[in-house]
Structure formats: structure tokens, C-alpha cells
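Can you build the whole structure from these sequences, using the hints too?
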Amino acid sequence: MTDSGLRARSPLEGATLAIDSTSTLGIRELPFLVQVGLRADPADEPLMSRLTTVLGARPPTDPNTTSISEDGTNQVLWLGPDEWLVLGEPGTAGALESKLRSALDAAAGAVVDLSANRTAISVSGPRARESLAFGCAIDLEPPAFGPGRCAQTLLARANVIIVPVGPADEPAFRILVRPSFAGYLATWLVDAAVGLD
Amino acid sequence: MLLVPCPHCGPRDETEFKYGGQAGIAHPADPESLTDAEWLDYLFLRDNPKGPWRERWVHTAGCRRWFDVTRDTLTNEFGDIGG
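Heads up: the protein sequence lines correspond to chains A and B, in order.
Per the numbering used here, the very first residue in the first sequence carries number 975; after that it's consecutive.
Per the numbering used here, the very first residue in the second sequence carries number 278; after that it's consecutive.
These aren't lab readings, by the way, just hints derived from the structure by calculation.
Hints may contain errors.
What the hints assert, rightly or not - So the derived label-pair ranges between C-beta atoms look like this:
1) T990(A) <-> D290(B): 27 to 33 Å
2) P1005(A) <-> R331(B): 45 to 51 Å
3) D349(B) <-> T990(A): 45 to 51 Å
Computed from a predicted structure; not experimentally measured.
Note that beta-carbon positions come from the ideal geometry of N, C-alpha and C, so glycine has one too.
Dropping the structure here:
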């Protein structure tokens, strides 16, 4: 196969995410995070156990919670009573999609690769929570919002999914945002970080 | 701003929601047999009580689910959620 010269570009490629050298807040893009949308009936126990087997984690039925596969490669976010978003490492979309689709089998539901639908921004550092709180109305403090939780909400008026990662004393958040809002949100995050000093 | 109680996500800011008007307005079972007056009633006429009533909301910026809730139009206090 010849090299076509084509190359994937992430939405925030080339964006300036640096704050200043003294800032403890780290803002960076996690490009090409794999995201596969899953719709299934949580009352269909055989289906749920097949999904649990292929994912290594049971899709959570508690609102706004997540589960992580045993090997740590996939995280399953609750998006609705019959809807989840499965996160994975870049480059694994095809494999993840096909194993979920085989688990779904003939049951009613859907498995769709949504990786290009949102990009991920990582915000980390001791004051990460404060910087997000400038533009987010929900309670970001643990235990209301610690690891194992997720939230679909508005951050600086942009639709986002916020996933806390890391321990409470070293907070880090993954923010999933639509590509068309990514540049705006990244600029807003840098601006909010400057406001902390 | 109202704090709207989403049955899934809990209380969230009103800006995360869209309003859906009065709850319990069923689509006519036999639409072609409706008179003009009945169409008018179905399409446009809604209750306007002073006090508690059932209304629809959709959590557009969250779980994107529709639900019914009781709200007191006098005090804006929310009551029973569900549906």
C-alpha cells in the first residue's frame, strides 16, 4: 500500500494551551480518544452479562457513574438509562466496536463509533477543580463528584461530559467536548486558569 | 434561576433544560375525525392554573430524557417527579 500522505489532525492540534511557567494547572488535549456509543436495554440480563464479559466491566445503571474494565483499558460512562459511552485507547475503535457488536448480537440496541464526535481535554493540578468551577454549576467536590462519577453538563455554556480521574488531593478531569467547541473551551480554560493567580 | 429536579441526574440549573409545557396532552387517537374546535383544543388550549400543575421538561444538556414534574406556578416549588 502506498503512503497517501494523509494524516489525522485532532481538533486542538496547534492550539496554545500553555498558561505561564508558574502555573500548576496543566491543560492538554488527549487526541483521538476512542469513544463508542452503546445503547442497550439494562433489563435484558443475558445481554448485560454478554456486554460485561466483552468489556470487562458492567455498564453502570446508576446515573452519572462510570465503570472501568479489569485491565483498565476501557471506561464505561453512564449517559442515560439505556445509553453508555465506552472510552478506549487511541486506535482501538474497530476492535472495541466489533466486540460490542458481537455481544449485542440480535438484541435491540446500537453500537456506534463516536470517536470523532468529541475530543478530550485533560485539566490537572491542585486547583483544577477551582478553575472548572468558574464555569460549571454542578458540585465538583468529592464525594459528590470523585473518581467513578461522570457528568453531562454545561461548562462555560458549552455542552461537555466531565470525568474526574485521579485522587481527591491531586484532581484531574477529562472534559469531552465537541470539536467545534474545543478551541473556544480550551481558550476559556486557559483564561480561567489565569484568573486563579 | 430554577433548580430543576431531573429524575436521573438530580437537581440541575434550568439552563440545562428545555421546557415542554403542560404534561398529559395525548395525541388524538383518531385525528381525522376531529372537529376544528377539538383541533384547536388539542393544539393550542392549555390549563393556566395558579398553584401546582404537571409539566414537561427535557434535560437537553444532560441525559437528554423527557420527564413530567409537578411545579407550583405560584411559588415555583417542584413536587412529584416521574413519568
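Hint check:
Between T990(A) and D290(B) the beta carbons are some 30 Å apart, a value that agrees with the proposed interval 27 to 33 Å. Range check, P1005(A) to R331(B): Cβ separation about 46 Å, and the 45 to 51 Å hint holds. For the hinted restraint 45 to 51 Å between D349(B) and T990(A), the CB-CB distance of approximately 50 Å keeps it satisfied.
The earlier numbered hints are all upheld by this structure, with none contradicted.
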